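4 protein chains.
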Amino acid sequence: MPPLAQRLDTPDTSHTKEWLRYYQRVRAATETICAPLHIEDYMVQSMPDVSPPKWHIAHVSWFFEAFILKPYHPSYRTLDPAYDYLFNSYYETHGTPFPRPDRGMISRPTVDDVYRYRAHIDRAMEELLIDPPQEYLPEILHRLELGLPHEQQHQELLFMDIKHILAQNPLCPAYRDDLSPPPAHEVGELGWHAYPAGVRHIGHDETDKSFAYDNEMGRHRQFVEAFQIADRPVTNGEFLRFMEAGGYDKPDYWLSDGWATVKAEGWKAPLYWVERDGIWHHYTLGGLVPVDMNAPVCHVSFYEADAYAQWAGARLPTEAEWETVARDMPMQGNFVEQDHLQPVAIAPATSTEIPGQMFGDVWEWTGSAYRPYPGFRKLPGSLGEYNGKFMSGQMVLRGGCCATPADHIRATYRNFFPPHARWAFSGFRLAREACA
Amino acid sequence: MPPLAQRLDTPDTSHTKEWLRYYQRVRAATETICAPLHIEDYMVQSMPDVSPPKWHIAHVSWFFEAFILKPYHPSYRTLDPAYDYLFNSYYETHGTPFPRPDRGMISRPTVDDVYRYRAHIDRAMEELLIDPPQEYLPEILHRLELGLPHEQQHQELLFMDIKHILAQNPLCPAYRDDLSPPPAHEVGELGWHAYPAGVRHIGHDETDKSFAYDNEMGRHRQFVEAFQIADRPVTNGEFLRFMEAGGYDKPDYWLSDGWATVKAEGWKAPLYWVERDGIWHHYTLGGLVPVDMNAPVCHVSFYEADAYAQWAGARLPTEAEWETVARDMPMQGNFVEQDHLQPVAIAPATSTEIPGQMFGDVWEWTGSAYRPYPGFRKLPGSLGEYNGKFMSGQMVLRGGCCATPADHIRATYRNFFPPHARWAFSGFRLAREACA
Amino acid sequence: MPPLAQRLDTPDTSHTKEWLRYYQRVRAATETICAPLHIEDYMVQSMPDVSPPKWHIAHVSWFFEAFILKPYHPSYRTLDPAYDYLFNSYYETHGTPFPRPDRGMISRPTVDDVYRYRAHIDRAMEELLIDPPQEYLPEILHRLELGLPHEQQHQELLFMDIKHILAQNPLCPAYRDDLSPPPAHEVGELGWHAYPAGVRHIGHDETDKSFAYDNEMGRHRQFVEAFQIADRPVTNGEFLRFMEAGGYDKPDYWLSDGWATVKAEGWKAPLYWVERDGIWHHYTLGGLVPVDMNAPVCHVSFYEADAYAQWAGARLPTEAEWETVARDMPMQGNFVEQDHLQPVAIAPATSTEIPGQMFGDVWEWTGSAYRPYPGFRKLPGSLGEYNGKFMSGQMVLRGGCCATPADHIRATYRNFFPPHARWAFSGFRLAREACA
Amino acid sequence: MPPLAQRLDTPDTSHTKEWLRYYQRVRAATETICAPLHIEDYMVQSMPDVSPPKWHIAHVSWFFEAFILKPYHPSYRTLDPAYDYLFNSYYETHGTPFPRPDRGMISRPTVDDVYRYRAHIDRAMEELLIDPPQEYLPEILHRLELGLPHEQQHQELLFMDIKHILAQNPLCPAYRDDLSPPPAHEVGELGWHAYPAGVRHIGHDETDKSFAYDNEMGRHRQFVEAFQIADRPVTNGEFLRFMEAGGYDKPDYWLSDGWATVKAEGWKAPLYWVERDGIWHHYTLGGLVPVDMNAPVCHVSFYEADAYAQWAGARLPTEAEWETVARDMPMQGNFVEQDHLQPVAIAPATSTEIPGQMFGDVWEWTGSAYRPYPGFRKLPGSLGEYNGKFMSGQMVLRGGCCATPADHIRATYRNFFPPHARWAFSGFRLAREACA
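Listed in order, the protein sequences are those of chains A, B, C and D.
For the first sequence, the UniProt record's numbering assigns the number 1 to the initial residue and increments by one for each residue that follows.
For the second sequence, the UniProt record's numbering assigns the number 1 to the initial residue and increments by one for each residue that follows.
For the third sequence, the UniProt record's numbering assigns the number 1 to the initial residue and increments by one for each residue that follows.
For the fourth sequence, the UniProt record's numbering assigns the number 1 to the initial residue and increments by one for each residue that follows.
Next comes chain A alone, as it looks inside the complex (with noise of 0.2 Å):
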């Protein structure tokens, strides 16, 4: 993907050729995911976080839309001016967006409506890249930089909403029944990797010219004191001694906020978690199935996560912490295109040298609350709503998922959710003092 090599300020402008392919693989991994479904499907709003599929497809396309094909495109109509409105997502300096919890009442325009205005944007594009207004295309370029990985994340969310989905089902129907089996590994004792004490660079290099968000600029300096590290995951199996110790009986371990949740949720387990006959199952993109006891626990809160680590011990790594352990290691994991729609075990090999599953399986939550780095500065207009508004109430999470695009993550990644979220695809790995 060489154009991606560029840096967002001068985006390669003479592989517009490459964009365009690049353009067309995202695009077409997104109609990928929503290939299973019924029609029924794409209309369900399990709850105002989630959004409706048929939303989603329409939103990332209304993205290049809004942002691209209208200041820049020369003749570019519209299909409809409603949809403006419709599609908007939160950018509430482009208008008044339409509300986030009634995204599941609006019916017309239908899925079909929806995938024709995305073939009407699709043309559009492709019309653009293969002859592109030269004054214009850095700029297109960087909106482009931003609108794909944009679509990526939304590939995410829409596994993320269809799980949710389905499983207010009590049919608890499988998204597809095709997906690639687990590999069955016995998971030994935690093990624990040392770093030293010392300044750290944290932060996007913005002299290496690969795409980063705003949120991972600027590169700075951060003093980390001397830590260690889990060599995995925390798994199911430790979780459930979590549970049977009467994690979630006792205020010892939580966080007031979080002891607050368990008991208005009634929260007994990790979200999907159900017992049936005295064994533990979970909803899984493939249906229901037996929890299996060497793969990360995954769909817990920060919350349970930090809970977790105190009544373990110990406690989450910093978010630089994790990027410190991170930075130079292989960016290899279980992403979505390994198509397990589920974190697995770790293989028994690949642990020693270094601590293993950083990247994909789950998206591991970190004790950093997500906030700016020094001296960020949010994009212009109405960019600049991507990402630097959603600065307070949230926590970092590092790593991608088992539910990512491999070529969408990197070590200075910055995802975020509230402390009470669950149905990402979210784990956690324990950190320590060093003397500890």
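Treat the hints with caution; some may be incorrect.
Stretch-level coverage of chain A by chain D, calculated; a stretch enters the list once three of its residues show a Cβ under 8 Å from a Cβ in chain D [unchecked claim]:
id : stretch
1  : 220-227
2  : 366-379
3  : 390-404
Result set (DSSO-like, lysine-lysine): computed pairs, CA atoms no more than 27 Å apart in a straight line [stated by the list, open to error]:
id : chain 1 : residue 1 : chain 2 : residue 2
4  : D       : Lys-70    : D       : Lys-17
5  : C       : Lys-70    : C       : Lys-378
6  : B       : Lys-268   : D       : Lys-268
7  : D       : Lys-209   : D       : Lys-378
8  : D       : Lys-378   : A       : Lys-250
9  : B       : Lys-268   : C       : Lys-378
10 : B       : Lys-268   : B       : Lys-250
11 : C       : Lys-378   : B       : Lys-263
These aren't lab readings, by the way, just hints derived from the structure by calculation.
If you're wondering where the values come from, they're calculated on a predicted model, not measured in any experiment.
The C-beta atom is built at its ideal place from N, Cα and C for all residues, glycine as well.
Given the structure of chain A, go ahead and fit chains B, C and D onto it with the hints provided.
Frame of chain A, contents of chains B, C and D only:
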């Protein structure tokens, strides 16, 4: 419809073929109502009171399965045991129903699946009615006699719910664009009809053999003091004068709960009214159109009806008064068969002798709370939940509306909604004391 | 009390001294009720329906100020203009009232200030009644005739609210420890009294000159079918059998709204009941004591009364039935003057000829929704808000209770509460069809 | 205060008389704060975050009882065992605390009772400190060293809560009318102070023997990039310009959660601001007065501080930056001892060399989420709940305010509130990048 001329205790078992034709006619009407819908429309639950059309068409079929086929069809096999849970509406004693507000969360079974379920039920019902087990035939016909009006009630609910669903959409899509156009009539000043005091027989006469719901039984005596009743419902034009007189701004005319609702909901006009360029429009099943000032006002709550009456120096009729007036009138009016699907202005000549528009056009709010008649008895078993358990917190409406099948209505028919509900085709008519 | 023997249109203006004594007696009774309170007790608003006692004692004074002193006292000067805003209860047309749920937020004026305000009003009222402006005297007496029962209603509310306030306290403090001890009686099996069908005159007879509220006017005819009524209210012992039969666990007996309330609120017993060491106790104004199984059950909602009646194969009486029974009975019973402040077991001999405990002990839920009588007219001006605007969503209770002043009650008296309310001294009596 | 010069591990056990005097001084200060209150004022809980003053004065006493007297006083007898339940604040591991939002529901024990309880505790504490059991003395002093700052925190909370309580009252009563009048200063344009990049030691230095909370431990290194900080907090006049520029009307400057809060709460100005006759006033503990445009803005949330900073092209300082600036500054400012009880304008000469008003006046919102320092360890037992369990969802504030005792504050002191909270004396100061 001869069989319906028979009463509940002894439905005419010799005419099962006519019952079968009646069954087929009612079932077909439901599908005709849904014909203009897209699959997406079937999925929306726009508020907890609304059910997705998919749920309606499944639930009315489930009624026949649960109460007739399973107990009385000798070889009936269900299509899917989960449907019993999913499509039970509120029969708590039949088993815990699936939570009502979550009906829009269930994408599977799909709309196609549900139509297959309907066809499966229809085939079995036809088998049963062609060759019924004679020992159970009276009970089968009793239940059929209830199940078919039940489906007709859901036909009207379908119109109400489809209207509410499509009205959420800022695009204001029409349900149908080929509705029968409303006639244009100039409606004159309100006139009054006087009725003397006396003992009246109220409720369904069980000796006349025709069907009626449990809540219309048993016939009893009420003393009705002398009163006057208006010769037609209040019109949009009259209601607009109330609005222009500050009706929604002053507490003087309102019940306490009504005023609290006005403030909490921000009501400024009937449901579906919207001002465009200084002209009041309202959303109809044919799309957004200017309000016909001569047609009865519709989609108002009991609170609004009562406040208007206070403002106008009148009151709403009691249900006994309404029934006294309607008892011997011909059952004619603007019903679903007229295919307007909205109330229309009354024709000039029709209202001189007797009050006009008593049947059809709009359900008329009465001043009577929905409570049991003396001697009311619930049906046995789960069917006992049909009407009786709703006898608190609701007000009685009378006369049917533009979405009611003509053969579904009676002078004794008691409809009911909570006083704040507005999504039914509900309007009202004034009454006053004899000496006023 | 001769003046009260006069009717609203022409109160006897020649007996203003008697009116003054009546005024002083009612006002003193309010202060006697509050005598056992600490200043802290005056400040608590334990739920939005409850008002702090400080507010009650100010509001009843405000009523005389707003409706009598300001319009008719030639030289009246208010103590503090802000009180008009703070102590208006719900007269929206008199000016926006201070928000009801925030009444507990206002520490100033202090309790001492409020008693000063009372004394200020009392002095002015005494001046006015000793030397009244003759041209306004009839209207002054009309308003006094309303203002004194109004204060008596608040006396009962004070008992209800003080009980609710102190019951919040885990220490279960007694309001008074010198209450009159309840008699011990063994209550026998329930008996029934039969009444024939016929036209009844219902409501206050305006020709008899005694006072009644607007909602008891005007007298009219109702046809009451033959019925039977129980010879006493349902007892705690009987209600406990309902509980032990799973009454709170099965939806079968409940109205739909009632069952939803049971589940939402977690009701398992009447309000104030608590099990201690296997024995049911309840909180009374004398503290926590074992439940007397022979006393009428109290602090139950309409929903619970109705469910019990369903379970017992009976129903609640309508208010017309209740009034038919009570009309000619002597006005005797366990009222506030008995100083039990709780319902007590009926004495054996009293119930053979006529139904017992019709007056006093517990307000009896009827099966009638609170709606206007034919010909109901609101009082003019803000006083028109006194009763009429509450005529939706509430049920009628009859007969007064152990906290009602004996001279406050009448056979035609219509009390009303929402069907879920339990903090009034509310119980119930069964009725059934004549032939049952 | 020599004892406080000793560190937590080894408080100087030879100076127990000085500890006793310190105890008496802090306890007396609490009572002085409450002296102007009426009993009624002690009872109000104006929002769930606010506690009734009665609860505060009991709870701070309970702390000494639960954590010192019961474990270490050889003959201590509690006054009432129920108080342990009623006045535990949030120590879940100590036993279920009485529900916080219901603290205003409890009228007994009365205020007098609670003062008796205080006196009882004080007598026992004096006994204990005059003749302490030597083997427990170090632990007793450790806990005293925590219990006295704990009471000082509640002194500040009392000011916050009393202000909020009295502000509910439309009469705007003053808490005191003899407060020290604020000086009148004309404040000039904002200036900036620059600090170079470098590794900083952050947190309490445990070798210096003085007291600090657990959340200030342990001292660690942070790399702080070069930055600039404003020479004083933002003033009311500056904040008014933000308001006049539409600051509360445009989403552009706001965090997403902040904008949602602005809309939900209808915020248009800082808490306690109200426009009267075109002039902005605000409610102070001295009553309603015109806003001093030269004084620091106060009672703003983190959201408002952050939005102002965005609008002004700046940002909030991190807590490490703030501590870097404050570390070596003299601990002087407008504290509770100045007896203004509101922030005041800075005197002209004081701000040239170093930033002014770092201590006192207003707590300054930082841009840092409240999370544990590296190596943070909870105190053992229930005291471990003191600070650690609140480490999610809150932001750090620094520097103390006009209601903070001067000897309570430190450069390392970390206060924290949720980002929407406004009832603390919270303002803010701007920072920016070095090169800005």
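**OP:** Report the numbers of all earlier hints that the structure fails to satisfy, in ascending order.
**Re:** Failing hints: none at all.
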